[in-house]
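Novice: Residue numbers (this note's numbering), protein chains in the order written: chain D, 1 to 381; chain V, 1001 to 1394.
Simulated from the structure, these hints should not be mistaken for lab results.
Wrong hints could be hidden among the right ones.
Under the rule of at most 27 Å between Cα atoms (straight-line distance), these lysine-lysine pairs were calculated in the DSS-like manner [unchecked claim]:
#1 1092(V) <-> 1079(V)
#2 1362(V) <-> 1290(V)
#3 1092(V) <-> 132(D)
#4 1386(V) <-> 268(D)
#5 1079(V) <-> 1066(V)
#6 1092(V) <-> 1290(V)
Covered stretches of chain V, going by a simulated chain D footprint (3 or more residues, C-beta under 8 Å) [said to hold, decoys possible]:
#7 1114-1122
#8 1268-1277
#9 1286-1292
#10 1322-1333
#11 1376-1382
We put the beta carbon where it would ideally sit given N, CA and C, even for glycine.
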Amino acid sequence: MALVLNEDQEMLREAAAGFLGEHAPVAAFRALRDSADKRGFSPELWASMAEMGWAGIAVREAHGGADFGLVGAGIVAEEMGKTLTASPFLSSSVLGAVALTRFGSANQQAAHLPGLASGAHLFALAVDEGRKHRPAQTALNAKRHGNGFQLNGTKAFVVDGPTADQFIVATRTSGAPGDEHGITLFLVPADAAGLSRETRETVDSRGVAELLFDAVDVTADAVLGEIDQGYAPLETILNAGRAVLAAEMVGHASAAFEMTVAYISERKQFGVPVGSFQALQHRAAHLLTEIEMAKAVTLAALQAFDAGEDEHTLSRVVSIAKAKVGQVALLAAQEGIQMHGGMGMTDAFDIGLYIKRVRVASELFGDASFHGNRLAETLGF
Amino acid sequence: MSELEGFRAETRAWLEENCPADMRDGAHDDASACWGGRRWEFASEGQKLWLERMGAKGWTVPTWPKEYGGGGLSKAEAKVLQEEMDAIGARKPHDNFGITMLGPALLKFGSEAQKLEHLPKVARGEIRWCQGYSEPGAGSDLASLRTRADSHDDHYIVNGQKIWTSYADRADWIFCLVRTDFEAAKHKGISFVLFDMETEGVTTKPIKLISGSSPFCETFFDNVRVEKANLVHAENKGWDVAKYLLTHEREMIGNLFGGMTGGRALGEIAAHELGTDDRGHVDDPLLRSKLVQAELDSLAFSGLLQSVGDGTKAGESLGAMSSVLKYYGTELNKRRHELMMEVGGHDELQMTDANRDGQRAKDWLRTKGNSIEGGTSEVQLQIIAKHMLQMPGA
Chain D
1 MALVLNEDQE
11 MLREAAAGFL
21 GEHAPVAAFR
31 ALRDSADKRG
41 FSPELWASMA
51 EMGWAGIAVR
61 EAHGGADFGL
71 VGAGIVAEEM
81 GKTLTASPFL
91 SSSVLGAVAL
101 TRFGSANQQA
111 AHLPGLASGA
121 HLFALAVDEG
131 RKHRPAQTAL
141 NAKRHGNGFQ
151 LNGTKAFVVD
161 GPTADQFIVA
171 TRTSGAPGDE
181 HGITLFLVPA
191 DAAGLSRETR
201 ETVDSRGVAE
211 LLFDAVDVTA
221 DAVLGEIDQG
231 YAPLETILNA
241 GRAVLAAEMV
251 GHASAAFEMT
261 VAYISERKQF
271 GVPVGSFQAL
281 QHRAAHLLTE
291 IEMAKAVTLA
301 ALQAFDAGED
311 EHTLSRVVSI
321 AKAKVGQVAL
331 LAAQEGIQMH
341 GGMGMTDAFD
351 IGLYIKRVRV
361 ASELFGDASF
371 HGNRLAETLG
381 F
Chain V
1001 MSELEGFRAE
1011 TRAWLEENCP
1021 ADMRDGAHDD
1031 ASACWGGRRW
1041 EFASEGQKLW
1051 LERMGAKGWT
1061 VPTWPKEYGG
1071 GGLSKAEAKV
1081 LQEEMDAIGA
1091 RKPHDNFGIT
1101 MLGPALLKFG
1111 SEAQKLEHLP
1121 KVARGEIRWC
1131 QGYSEPGAGS
1141 DLASLRTRAD
1151 SHDDHYIVNG
1161 QKIWTSYADR
1171 ADWIFCLVRT
1181 DFEAAKHKGI
1191 SFVLFDMETE
1201 GVTTKPIKLI
1211 SGSSPFCETF
1221 FDNVRVEKAN
1231 LVHAENKGWD
1241 VAKYLLTHER
1251 EMIGNLFGGM
1261 TGGRALGEIA
1271 AHELGTDDRG
1281 HVDDPLLRSK
1291 LVQAELDSLA
1301 FSGLLQSVGD
1311 GTKAGESLGA
1321 MSSVLKYYGT
1331 ELNKRRHELM
1341 MEVGGHDELQ
1351 MTDANRDGQR
1361 AKDWLRTKGN
1371 SIEGGTSEVQ
1381 LQIIAKHMLQ
1391 MPGA
């Protein structure tokens, strides 16, 4: 497959850029942050985005979606990254959509996909329990209880946890933390008895919650996929999320870079624009090179997902993208602050908003070390 | 069956019949290259046949038009050809600066007569070209070159010196930048001329590098007569040709470093040579971490090469994007070879039969030139800052 966008995809990009430029510029995110809204996004904006068809962008038309695949989701995410648009897109329209479309039973799909695709119902993935992303370390206990299961434990850093209507929860039904076997995915409604959530304030001012499962009873129908066999589906869901996060970070890096080059081209010291100094020009040129690579590896990962590549290939290209783009986006944000000089330290300038979001996005679902290690293992060293 | 699949089937059958057995070992290092030209000594009958057969089909330059000796293939067909060649490990039939550098420039700027005269000979590997660009006083500041061509009716008399002329001592013809206007601004007095290296007054002297090899020469011109029919584009417009050609040279150099070292991943070599722990990890966490980064960057760079290739039409110049590829590809290659030396340890610091007389060390030393030849990394960054970022004063 050619590593370029086709005509439909280019049109989607233009539509997304146009919409976000008008309805969700960086100023909109800044206003949201200043309002200290615990939800971490604007429901009105999300409703408009859903009207554009974005909530169901990766869902097939039969279930009310726009059927643009993960490449389509990545295009929208990249544009949202440029404007720092906060929304439940990643959690619901990517992670939730992939979980249900790939692994949901016919009943689960019929019950949930229309609401997901319309944007009315929000989904979130509850996977990590500790400081770092370690899906195989899943410990949250699910034991058989009556006709169903009872869940006990906690989930940390659940993105869009404060607003989700349904959680996709990774649990342990057998084995020990560290085992890939013995993980089971459940669909758990947010209002289940015994499930409580605590909203956490985060560095990027988005909606994140800690979940506490205290004897939460679910029926056997709530299992997503197969009992004890949840690790492979979880990886597929995560790989989709990682690829789309990479796309979002390409947007962060591009926008941070563009505003930085614009700033140093204007800002004068010693009577000339500081951007006329080679010390800055060469760093900017290096960054351009890195960002071009970030774009290429991201598109390769998104395409691999849509092409249905096997799990081994998919993991490899996704790890390349998540690791590389995470590094590039951090570099773009760090260099952005340094090149903005004193202004880069102030809250009034947007560059600081980017470094905060990039720090979170690069950590989510595996940082560059996690994915670099995984890549090395797939390459045999 | 689509047209392209039909082409694939025909190509596969043709390659199966025509690619000699000893040309199917997948080798693509310096030692296996076939440079062609009047003085080329073929390493084997197979190498000779392979060049003749591919040259006759125009597949040494698959996307060039047929009237100039090319294969007349579309970009998609050329990709299929490359895939089918890779599938049987076919060697590249022919390397020539006439293919990667002069050809694209002549196709764009050459007269019809020049194209008909020179391009088919490149395609068939009959004439090996070298590049007369740098001079002792004109390296990164190439446009300050001083080799002069004085006009006399139908010819020029060329005097001066070039340096870093790759394989000048083995080339048949040279494409050369000369100064034809001594009053004009430095970029505006340069012309692009072609001449035979056997012309009286041309001498070459190889330069020994730190790697021990001598791929470059000093080249001297003492009253060399060049017919004006061999002026490409207009007099004093040579800089346009020179710049265009450089984008192809940079693209070529960038493409050389697509992410493998001798066809194997760096990490795989390290695991093989250094051994692994019970998790299969290279047994030195700090080295492994550097290897991971190098592999990650190599794979990302391969992705960029693919995306740039897919986004460009056949024969189209990449412009300043060629500087992106040249800059990153060469810096990455230097990093990879530093790591190869680190992995090799004591064993690769000695010249032994087992390590092909210290080949890894020689390769490592040779890479130091990668980020200098064809325009230094600093020059590439400057081109990016100026042409892609439009930065002030760049």
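Novice: Are the hints correct? Go through all of them and say.
Specialist: Structure-based check of all given hints:
1. Taking the CA atoms of residue 1092(V) and residue 1079(V), the gap is about 14 Å. The hint holds against a cut of 27 Å.
2. A hinted pair counts as satisfied when its Cα atoms are at most 27 Å apart, and residue 1362(V) with residue 1290(V) qualifies at roughly 22 Å.
3. A C-alpha spacing of about 48 Å is found between residue 1092(V) and residue 132(D), which places the hinted pair above 27 Å, so the restraint is violated.
4. For the given pair, residue 1386(V) sits about 18 Å from residue 268(D) by alpha-carbon distance, which is consistent with the 27 Å threshold.
5. Of the pairs offered as hints, the one joining residue 1079(V) and residue 1066(V) holds, with about 17 Å between alpha carbons and a cut-off of 27 Å not exceeded.
6. Pair hint residue 1092(V) plus residue 1290(V) does not hold up; C-alpha atoms about 32 Å apart against a cutoff of 27 Å.
7. For the stretch 1114-1122 of chain V, the stated coverage by chain D is violated: 0 residues have a C-beta nearer than 8 Å to a C-beta of that chain, whereas at least 3 were required.
8. With a cut-off of 8 Å between beta carbons, the stretch 1268-1277 of chain V has 4 residues touching chain D; three or more are needed, and the interface restraint holds.
9. Counting residues of the stretch 1286-1292 of chain V whose C-beta lies closer than 8 Å to any C-beta of chain D gives 4; at least three are required, and the coverage claim holds.
10. Judged by the Cβ-Cβ criterion of 8 Å, the stretch 1322-1333 of chain V is covered by chain D as claimed, because 3 of its residues qualify and three suffice.
11. Taking a C-beta to C-beta cut-off of 8 Å, the stretch 1376-1382 of chain V contributes 4 residues in contact with chain D, enough for the three needed, and the coverage statement holds.
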